[in-house]
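Q: Single-letter residue listing:
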Amino acid sequence: MDIGYMIEIFPKLISTLPISLLIILTSSILGLMLSIVITALRIKRIKFLSPILEAYISFMRSIPILLLLFLVYYGLPVFFSLLNLNMNDLSAIVSAMITLIIFNGAYLSEILRPAYLAVEKGQHEAADSLGYTSFTKIRKFIIPQMAPVALPGLGNAVIYLIHDTSLVFTIGIVDIMGKANLIMANSYGENKVEVFLTIAIIYWMVCLLSDRFIKLCENHTYLRKIENKRAFNSQSLKLHQKFTKRNIKSNLD
Amino acid sequence: MFDFKVLLESIIEIATVVPKTLVLAIFILLLSLLMGAIIALIQQYKVPVFSQIIKVLQSFLRGTPNVVLLYLMYYALPGILTFFAGILRIEFDANSLNPIVTVILTFSISYSVFQSEIIRGSILSIEKGQIEAAQSLGFSFWQTFRRVIIPQALVAAFPDILNSLLVIIKALSLAYLISVVDILGQAKMVGALSYRYLEAFVGAALIYWLIGVILTFISNRFELKLRHGFH
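Here the protein sequences come in this chain order: A and B.
If you use this note's numbering, the first sequence corresponds to residues 1 to 253, in order.
If you use this note's numbering, the second sequence corresponds to residues 1 to 231, in order.
Okay, chain B solo, but in the shape it has when bound:
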């Protein structure tokens, strides 16, 4: 019933897409961090109109599953892009849109809201005394930001950021629905070729587990170091 040789073969075959999945996930993570930072800034300074839009967006993204969002973007994005291209008078062929672009955009938008919470929390966790000390030493705003706030906020946010990398890797498993091949998509293809779905899925699960264990290990080590201080 369950063939370990097939399992080993499918693990090797599935492992070939792991780098692609990781690169895609890290790219989405960076993009969503960037968008999250912008959202956090807008919320911090309460920019009129934008902050209201973001509030509605937050509620919408919290309430809508990623699958629905992915399909919605998959079918709506060509139309939206054609509309904007029409305004800017750029030649654009909606049918040539790569589904990877849809995946990256959807998940970046969907996770940017969560990243903004992480960023806000990490910046708020810095004591006021640190900023006051920097000001008393005559640091400019930009210097304070770069030399005092960013290093501490990054250290505080690092475990959460690693955790959201894991969440994004897991969420990418939906990408096979719109024909982007990640770990789960590859497992489905391997299973379809050999009619041995179960072995392929177990192999994929083992790979996901390995990634999860490594990420948890790194973040635990980092937290320990954080508690002892970087001296």
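Okay, chain A solo, but in the shape it has when bound:
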């Protein structure tokens, strides 16, 4: 174990973090948007579309992300050339993003759909009877009630997305793993254990940070707010009782 070496390569490895973060952010935002569209289509149950969507989701569920990455990287140029489009210089980063977007579109819809179905029918009816438009209904009634159900699953999905991003070095993107291979090639294969231990620690830190972020979001959902309010109220009640008791005592004295 050479801790000095680990500290030495730490800045080199972390300098490639922006490219991973770019892939993570783009594919999480666009993937979430795609999954919202897919969830909406699945809930609507359109006749010919829904078997296709089910097939898409079961396909994404059963193939490894690494294989999907290769399929997109080698397959998309061929697919586009069938449509007479020249996409031979599709960059590796774009294919990685496309892979993660279509993968997360399916994966997140498996989280969002149960969350939507968990909202009671009465809530929809109440909103309708009060005359809300469907957009306002979703914004004010459905999403606040979906959030506490969906957020733990979404947090896990972010962690898995970070894990999956570590595979993009296999199609030649220089992210942390790619940089590690370069460093190992320069040092003639010495200190491999230290390099990968450093990478593991970096990923651990990133995942802990994103866990914190999701916890912060969870604290803003209405369920947690009610809990906090109750806890605060009972606390202030106790404080109030304490003070009044003291006052009564001092009065008696």
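Just so you know, the hints here were simulated from the structure itself, not pulled from any lab data.
Careful: at least some of the hints might be erroneous.
[As the list claims (entries may be wrong)] Only some residues are given here: those of chain B computed to face chain A with a beta carbon under 10 Å:
1) F2
2) S59
3) R62
4) G63
5) Y74
6) G79
7) A171
8) L172
9) S173
10) Y176
11) L177
12) L184
13) G191
14) L198
15) V202
What you are looking at is a predicted structure, and each value in this text was computed from that prediction instead of being measured.
For glycine and all other residues, C-beta sits at the position ideal for the given N, C-alpha and C.
Put chain B on the given structure of chain A with help from the hints.
A: Same frame as chain A, but now just chain B:
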């Protein structure tokens, strides 16, 4: 551009490694279930020192991608094993370590934490009344465990266990990085031989999809049966 004859040929060639992959995955599943049970017991009884170590391990395994873990084990395991062999004074040649052993150990450790959650959940899902009823009938602890808790917990955990089998089969696709040939590794080799990567990858995807559909079908059937009861 896309040749269906090549696709068919590559599917047949890739299918030859499916049994090996399945056996490897089931072996990893059983090993990780065993380790998961031990972890669940340690957490349930809050064994000092061990439960703290497991907490850190849980956080570490949750935060580290499988690729990084696999490479870490691949390079660190010979050293670790040589160290322990030195303590126990056993002759051990670190270079003779088969990469399959590394794959099995890495994924068993990595998934044991998840299995422990499944096991804990399934045991907690059993009603207390069941255990009390068994006790009132004069069952010993071991009898209660074997005749009341295990059958119900297994039934409750079965869909989750099948799901984690699928997850392990998918995770095994990383094994080709350390030269263990599974479905994806075979697809890469077939593609490299014929310079037709795309057909080989599509074939591999179809095989994975078939496995996934079969496993989902079994677990759905089982859940339906579970809901209607085994009578």
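Q: Given L172 of chain B was flagged as interface, is its beta-carbon under 10 Å from a beta-carbon of chain A?
A: holds (8 Å)
Q: Hey, does the G63 of chain B contact hint survive, CB to chain A under 10 Å?
A: holds (4 Å)
Q: Does the CB of S173 of chain B sit less than 10 Å away from some CB of chain A?
A: holds (4 Å)
Q: Let's test the interface hint: is any C-beta of chain A closer than 10 Å to that of V202 of chain B?
A: holds (7 Å)
Q: Should the interface hint for A171 of chain B be scored as holding, given a Cβ-Cβ cut-off of 10 Å against chain A?
A: holds (7 Å)
Q: Is the hint on L198 of chain B kept, meaning its closest Cβ partner in chain A is under 10 Å away?
A: Given a least distance of 5 Å, the restraint on L198 of chain B holds.
Q: Is the interface hint satisfied for Y176 of chain B? The criterion is a beta-carbon contact with chain A at less than 10 Å.
A: For Y176 of chain B, the interface hint holds, since the closest Cβ of chain A sits about 9 Å away, which is under 10 Å.
Q: Hint L177 of chain B vs chain A: min CB-CB distance below 10 Å?
A: holds (8 Å)
Q: Against chain A, with CB atoms and a cut of 10 Å, does the hint on L184 of chain B hold up?
A: Hint holds; L184 of chain B Cβ to chain A Cβ min 5 Å, cut 10 Å.
Q: If you take the shortest Cβ to Cβ gap from S59 of chain B to chain A, is it below 10 Å?
A: OK, holds: S59 of chain B within 10 Å of chain A, min 7 Å.
Q: With a cut-off of 10 Å, does the beta carbon of F2 of chain B approach a beta carbon of chain A closely enough for the hint to hold?
A: holds (6 Å)
Q: How about Y74 of chain B: closest beta carbon in chain A under 10 Å, or not?
A: holds (8 Å)
In this structure, none of the earlier numbered hints is contradicted; all agree with it.
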